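> Chain by chain, the residues run as shown.
2 protein chains.
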Amino acid sequence: MKLGQATIKDIARELNVSSSTVSRALKDYPGISDETKRKVKELADKLNYRPNAVALSLRKSKSFTIGVIIPEVVHFFFSTVISGIEEVAFANNYNVILCQTNERLDREKSSIDTMLSNQIDGLLVSYSKETTDFEHFSKLMDLEFPIVFFDRLPEISNAVNVTVNDFEGAYQAVTHLISQGYKKIVHLAGPKNLAISKKRKEGYIQALLDGGITPDESLIVECAAGTEKESFDVTIVLFDNPENRPDAIFAHHDIVAAGAMMALKSINLRIPEDVGLVGYSNWQFSSMIDPPLSTVSQPGFKIGETAITMLLEMIDKKKDYQKEPVHVVLDTELLIRKSSVRL
Amino acid sequence: MKLGQATIKDIARELNVSSSTVSRALKDYPGISDETKRKVKELADKLNYRPNAVALSLRKSKSFTIGVIIPEVVHFFFSTVISGIEEVAFANNYNVILCQTNERLDREKSSIDTMLSNQIDGLLVSYSKETTDFEHFSKLMDLEFPIVFFDRLPEISNAVNVTVNDFEGAYQAVTHLISQGYKKIVHLAGPKNLAISKKRKEGYIQALLDGGITPDESLIVECAAGTEKESFDVTIVLFDNPENRPDAIFAHHDIVAAGAMMALKSINLRIPEDVGLVGYSNWQFSSMIDPPLSTVSQPGFKIGETAITMLLEMIDKKKDYQKEPVHVVLDTELLIRKSSVRL
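First to last, the sequence lines map onto chains A and B. Count along the first sequence from 1, then add 1; that gives the number in my numbering. Count along the second sequence from 1, then add 1; that gives the number in my numbering.
Among the hints, a few may not be true.
No distinction is drawn between identical chains; accordingly, a pair holds when it is met within one copy or between any pair of copies.
[Unchecked claim] Straight-line alpha carbon distances no greater than 16 Å define the calculated EDC-like cross-link-like pairs of lysine to aspartate or glutamate that follow:
| # | residue 1 | residue 2 |
| --- | --- | --- |
| 1 | LYS28 | ASP321 |
| 2 | LYS47 | ASP332 |
| 3 | LYS184 | ASP211 |
| 4 | LYS266 | ASP291 |
| 5 | LYS230 | GLU203 |
| 6 | LYS339 | ASP241 |
| 7 | LYS339 | ASP291 |
| 8 | LYS63 | ASP29 |
| 9 | LYS199 | GLU218 |
No wet-lab data here; the hints were simulated from the structure. All values derive from a computational prediction rather than experimental measurement.
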């Protein structure tokens, strides 16, 4: 144990209050005065108190429970990852509890606290779009708490990661569009702070270069919110003017592609004849819309299976991946449907 | 405390094994011999040991954590309920942990055990399709553990429930189809053991009767799995023969409606000209498919808000709903889109 020597009891003794008051003050729960909260927090800082360290040191035995932290359960990709996780977990007599962050850092942090105080044996994490500092994770890893990250790659040198090859997925999608004769290809990109967005953009640019097309920054538009509404509006602006109009879109996920599709239809552009369209993630609805959407399928179930298998090995001390960090990269698959085929 | 006098320690003492062995034997974990498991379980039965009772009696203070048990996180309706729950929970400094059952009773039971051993303050439940005996819930309610059920109505006399008016939702959908001149209306129904399925079917039948149409049992087909594939196949069988063909479909949810839509297109029937179509639940994709799907929208967010607000009142002992059980029924809204409008 390298950190967190001070305990809640130490703080309580020093301030002459109960341990429960300290615990609640640290968590900003109601019913504790601001004055007490201030005193507790100041002393906690001074004593280098680490709530997670204490929670960990309290771990007496295995709980056979795995915590999973994800941005949004409704995202089809994450739901397939969860299925893969649960399949392996249940087969090994583990239970799975989920917390969603709604892409918010404060909820990510409170979810971790909740799960740790619930004595989970390990954590599988896809962090929020807001997360740019990873100390709340690396602190736990320093204490040898088992964590595996999936889909989103943290900036932690000894992290254990399972991701997909987003560069290659994007490269294949855009190469396919070029092979269908599309030349002026828009990229509706993801949020800049996510590695997956960067990789997809790099794949898009490399495919253009290899296809003899000079990338044009004005055709790369960030759709960070990822809603249909946002990409609808962006697409109208890009395509409304018949002069020098783009002829294809590679979208960073299928909801963004669907918004673009509605926008193109609303200004009477035909898909795939006038504009080719490829999405990403193969959402459940993508084969049901008209025309069916070409998309890059990620092996969600396999990501989940792989991540939890590695986590269980870490929990059972069979492997110490954090000492010899591993980054598993799984392949995507391009699903070609009607929205991008015009030859 | 009416139940569960025996503790794990009592069993351990009697059998001269450790408490941890008893705990693990009761949970069927690996590493314990079958002989020990048998002995422990026999004695536990004899002593009327209740794991949940013990977990509950160990509750010393509030954890500010709420457990939510749902069939499937990917179901769009449930994801909106979760958003409503989380909104109120976070505003009151509670955290939320989720378990999904994948519609399986064994996972429902193990999820409850996991959550109780994690010291949750209360439970929000939408039970699995497999659940027909509710003792694992009523046992907890007898111990005055706060539970609110949503969407799916359990057969427990003093349960606290939040549901939507499924009868009225279905009634409005079918009345709308009749008003558009459709006469031979198929119902692709949900699983028989769910009250929501029964209510939707009853609403369908009453709307036909009130519209002067005699219900025809051969037009009511159960799509229990709820997949596109299933409803595609069912629809082909119902519509393939041009003799005496139906002219409309009311589906018990939007995925089922989407499968039917694909089937109708595949045999060159036009929607809404030849066949009218209404779904249920207003999935995210429903406005994006072609033609956009008319559907019955359930107030998922409001269901979540209402259920957790009642649960927090029970936790804080402000209300004792289980003594004066309450059943909140929220209204649905019919969203009329192109798939059902031909006049």
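> Take the hints in turn and mark each one as holding or not.
Structure-based check of all given hints:
1. LYS28 / ASP321: neither (32 Å within a copy, 28 Å between copies)
2. LYS47 / ASP332: neither (48 Å within a copy, 54 Å between copies)
3. LYS184 / ASP211: Result: close within a single copy only, 13 Å intra versus 58 Å inter.
4. LYS266 / ASP291: both (10 Å within a copy, 11 Å between copies)
5. LYS230 / GLU203: neither (25 Å within a copy, 37 Å between copies)
6. LYS339 / ASP241: Close neither inside one copy (23 Å) nor across copies (25 Å); limit 16 Å.
7. LYS339 / ASP291: Answer is both: 9 Å inside a copy and 14 Å across each meet the 16 Å cutoff.
8. LYS63 / ASP29: This pair counts as between: shortest inter-copy Cα distance 14 Å, intra-copy 29 Å.
9. LYS199 / GLU218: Cα proximity of LYS199 and GLU218: one copy only (14 Å, versus 56 Å across).
The structure shown violates the earlier hints numbered 1, 2, 5 and 6.
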